[in-house]
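Novice: Sequence:
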Amino acid sequence: MFGSIRDKFINLQENLSVTLRGLSVSEPSSRKQVASEIIPVNINAGADILENFQTSWSMLHELSQQNATKAQEVDKLTTNLHSRAEKQWKGVAHLTGVLMMLPEIVQTMNVLKVKTSVIAELFETVEKSLIELEDIMEERELQQKKTDQEIQLSLHKDKRLAILDDLRYKLEDSYKAKLINYERSLKHQLVENKDDIRTFKDAHAIPKIEIAKINNEPSTSLEDIILENEDTNNLEEFLSDTQESAENPNK
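Heads up: take any position in the sequence shown, counting from 1, add 679, and you land on this note's numbering.
There could be a bad hint or two in this list.
To be verified - Each computed DSBU-like pair below joins lysine-lysine, with the alpha-carbon atoms no more than 35 Å apart:
id	residue 1	residue 2
1	825	807
2	807	824
3	766	749
4	836	866
5	836	849
6	855	866
7	838	825
8	855	873
9	755	766
10	857	873
11	792	807
As the list claims (entries may be wrong) - Pairwise CB distance ranges, derived in the manner of DEER restraints:
id	residue 1	residue 2	range
12	863	824	51 to 61 Å
13	775	799	32 to 42 Å
14	845	811	26 to 36 Å
15	732	769	50 to 60 Å
16	818	857	54 to 64 Å
17	853	875	54 to 64 Å
18	775	804	39 to 49 Å
What the hints contain is simulated information worked out from the structure, not anything from laboratory work.
Where a beta carbon is used, it is the ideal one built from N, C-alpha and C, also for glycine.
Turn these sequences into a full structure, and let the hints guide you.
Specialist: Structure, rendered in C-alpha cells:
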C-alpha cells in the first residue's frame, strides 16, 4: 500500500518536472512568434499573471520536492515496518512451529526423564561397584602387606633360628668340651682318690677278724670293732678330702 503511494508521488513529481521544463522551453518560442507577427506588443502585459503562475509552479515544485523527501522518509519507515513485520511474522511462524512441536517435545522430555532415571540408577550401581572395588583393593593391599610382613617375619625367624642354631652348636660344643674336661678331671680325681685309698689302706691296714663258727663261738658285729683314735682321725680327714674333691673337680 505504501509502496503504491510512493510510486504515485514519484510519478507526480516527474510529471511536474516535465511540465515545468516544457513551459520554460516553449515560452520564449511563443514570444518570438507573437513578436514576429504583432509588432506593437506590450511587454509587461500578463507579467503579473505569469509571475503568479511561476510562483505557484515554484511552490508546487518545492511541495513536490518536499513530498518526494517525505515519500522517501515514508518509504524508509515502511521498509522498517516491513522488515519488523517480517521478523515478527517469522517469529510468530517459529513460535507456531514450536507450539506445534510441543507435544513431541513433551514426549521427548518424558523419554529423557526415564533415561535420566535409568542413568541415575546406573550411576548408583557404578558408585557401589567403585566402593566395592576400593574395598577389594584395600583388602588386597592389606593382604599384600600382611603377606610381606609374614615373609619378613619368616625371614627374621629363619635368621634368628639360624643364630640360635649357631649358638646352640657353640653351646653344645662348649658343653661337650667342658664335659670332656670335667670327665677327664673326674677320672683323674678318681684315680688319685683310688691311689689315696690304696695308700691309706696300705698305711693303715685293718686286721682281719676270723668269723667264729656258728655253733661254737659268738659272732662279732661292726659295732664291736674298736679303732684307735689316730686311725679314726686319719679316716675322717681322708673322707673330708674326698668329699671336697668331688664337690670341686676343677681344683
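Novice: Any hints from earlier that this structure breaks? Give me their numbers in increasing order, please.
Specialist: Hint check: 4, 14, 17 fail, others pass.
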